[in-house]
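Chemist: Protein sequences appear in the order of chains S and L.
-6 is the number that our numbering gives to position 14 of the first sequence; each next residue is one higher, with no gaps.
720 is the number that our numbering gives to position 88 of the second sequence; each next residue is one higher, with no gaps.
Note that these hints are calculated values from the structure, not bench results.
C-beta: ideal position from N, C-alpha, C; glycine also.
A portion of the hints provided could be inaccurate.
What the hints assert, rightly or not - Rough simulated footprint, nothing fancy, chain S against chain L, three-plus residues with beta-carbon under 8 angstroms: (1) 669 to 680; (2) 698 to 707; (3) 738 to 746.
As the list claims (entries may be wrong) - When the alpha-carbon atoms are kept at most 25 angstroms apart in a straight line, the in silico BS3-like pairs for lysine-lysine are as follows: (4) S/Lys51 x S/Lys36; (5) L/Lys646 x S/Lys22; (6) S/Lys22 x L/Lys673; (7) L/Lys674 x S/Lys90; (8) L/Lys652 x S/Lys22; (9) L/Lys673 x S/Lys51; (10) L/Lys652 x L/Lys687; (11) S/Lys78 x L/Lys673; (12) L/Lys646 x L/Lys687; (13) L/Lys652 x S/Lys36; (14) L/Lys698 x L/Lys687; (15) L/Lys673 x L/Lys698; (16) S/Lys48 x S/Lys90; (17) L/Lys696 x S/Lys78; (18) L/Lys646 x L/Lys698; (19) S/Lys78 x L/Lys687; (20) S/Lys51 x S/Lys90; (21) S/Lys22 x S/Lys90; (22) L/Lys674 x L/Lys696; (23) L/Lys646 x L/Lys696; (24) L/Lys674 x S/Lys78; (25) S/Lys90 x L/Lys673; (26) L/Lys674 x S/Lys51; (27) S/Lys78 x L/Lys646; (28) S/Lys36 x S/Lys48; (29) S/Lys51 x L/Lys652; (30) L/Lys674 x L/Lys652; (31) L/Lys698 x L/Lys674; (32) S/Lys51 x S/Lys78.
What the hints assert, rightly or not - For the chain S half of the interface with chain L, some residues (derived, Cβ under 8 angstroms), not all of them: (33) Leu(-12); (34) Lys22; (35) Gly23; (36) Phe69; (37) Asn73; (38) Tyr75; (39) Asn77; (40) Phe81.
Single-letter residue listing:
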Amino acid sequence: GESVGLHLPTLSVQEGDNSIINCAYSNSASDYFIWYKQESGKGPQFIIDIRSNMDKRQGQRVTVLLNKTVKHLSLQIAATQPGDSAVYFCAENEYGNKLVFGAGTILRVKS
Amino acid sequence: GAVVSQHPSRVICKSGTSVKIECRSLDFQATTMFWYRQFPKKSLMLMATSNEGSKATYEQGVEKDKFLINHASLTLSTLTVTSAHPEDSSFYICSAPLAPDTQYFGPGTRLTVL
């Protein structure tokens, strides 16, 4: 049946502000990490990735930070827009393209 | 660009029937595809790895006789939910890697079992 547990945490930000979404991963041997955006009723959409030999990577309006010491990832979204409202998941590639997803965070952008 | 499609996007069925969901890689071949299950407001949970030309690899706790996977060709994997029950209602998503460390996800299939 449906899993029982905590609902996804929600981050509410004002349009134009920066957003920071955090994620803890579990496997210290994982060498590749990805952030996905998922809109309601759709599949995950790739945002940005980072390899374990890096601690920061920037894209368009997004930055991913990796702290291997504490097994922590963060996604920073600059100048958050209403279209950024979605659920955000981090994922770690354990081996052979097998992804393990984090719990997810709901981002709500207030206009 | 590379795309993964799923069919159907939504399906409603009666309890006890079987439902087949298709996952296709468009414009690229995938010897491996992945099937995920997602409950409302929850994360994606990997169910199984579909392997072209060999048996699927199931994650712990996933019943292989319940969720039949067939990787019929290099562009098609199917997931059949057999003897579906209301607790099987969920959002099923597939993915296919275009290259190492590059996965594309399908749009998902919403299954509702009455």
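Chemist: Compare the structure with each hint and give your call.
Modeler: Hint check:
no. : hint                : in the structure
1   : 669 to 680          : holds (count 8)
2   : 698 to 707          : violated (count 0)
3   : 738 to 746          : holds (count 4)
4   : S/Lys51 x S/Lys36   : 14 angstroms, holds
5   : L/Lys646 x S/Lys22  : 24 angstroms, holds
6   : S/Lys22 x L/Lys673  : 13 angstroms, holds
7   : L/Lys674 x S/Lys90  : 23 angstroms, holds
8   : L/Lys652 x S/Lys22  : 19 angstroms, holds
9   : L/Lys673 x S/Lys51  : 24 angstroms, holds
10  : L/Lys652 x L/Lys687 : 17 angstroms, holds
11  : S/Lys78 x L/Lys673  : 22 angstroms, holds
12  : L/Lys646 x L/Lys687 : 28 angstroms, violated
13  : L/Lys652 x S/Lys36  : 42 angstroms, violated
14  : L/Lys698 x L/Lys687 : 15 angstroms, holds
15  : L/Lys673 x L/Lys698 : 24 angstroms, holds
16  : S/Lys48 x S/Lys90   : 33 angstroms, violated
17  : L/Lys696 x S/Lys78  : 18 angstroms, holds
18  : L/Lys646 x L/Lys698 : 16 angstroms, holds
19  : S/Lys78 x L/Lys687  : 16 angstroms, holds
20  : S/Lys51 x S/Lys90   : 31 angstroms, violated
21  : S/Lys22 x S/Lys90   : 22 angstroms, holds
22  : L/Lys674 x L/Lys696 : 22 angstroms, holds
23  : L/Lys646 x L/Lys696 : 21 angstroms, holds
24  : L/Lys674 x S/Lys78  : 19 angstroms, holds
25  : S/Lys90 x L/Lys673  : 20 angstroms, holds
26  : L/Lys674 x S/Lys51  : 21 angstroms, holds
27  : S/Lys78 x L/Lys646  : 33 angstroms, violated
28  : S/Lys36 x S/Lys48   : 11 angstroms, holds
29  : S/Lys51 x L/Lys652  : 38 angstroms, violated
30  : L/Lys674 x L/Lys652 : 23 angstroms, holds
31  : L/Lys698 x L/Lys674 : 22 angstroms, holds
32  : S/Lys51 x S/Lys78   : 18 angstroms, holds
33  : Leu(-12)            : 5 angstroms, holds
34  : Lys22               : 6 angstroms, holds
35  : Gly23               : 4 angstroms, holds
36  : Phe69               : 6 angstroms, holds
37  : Asn73               : 6 angstroms, holds
38  : Tyr75               : 11 angstroms, violated
39  : Asn77               : 5 angstroms, holds
40  : Phe81               : 5 angstroms, holds
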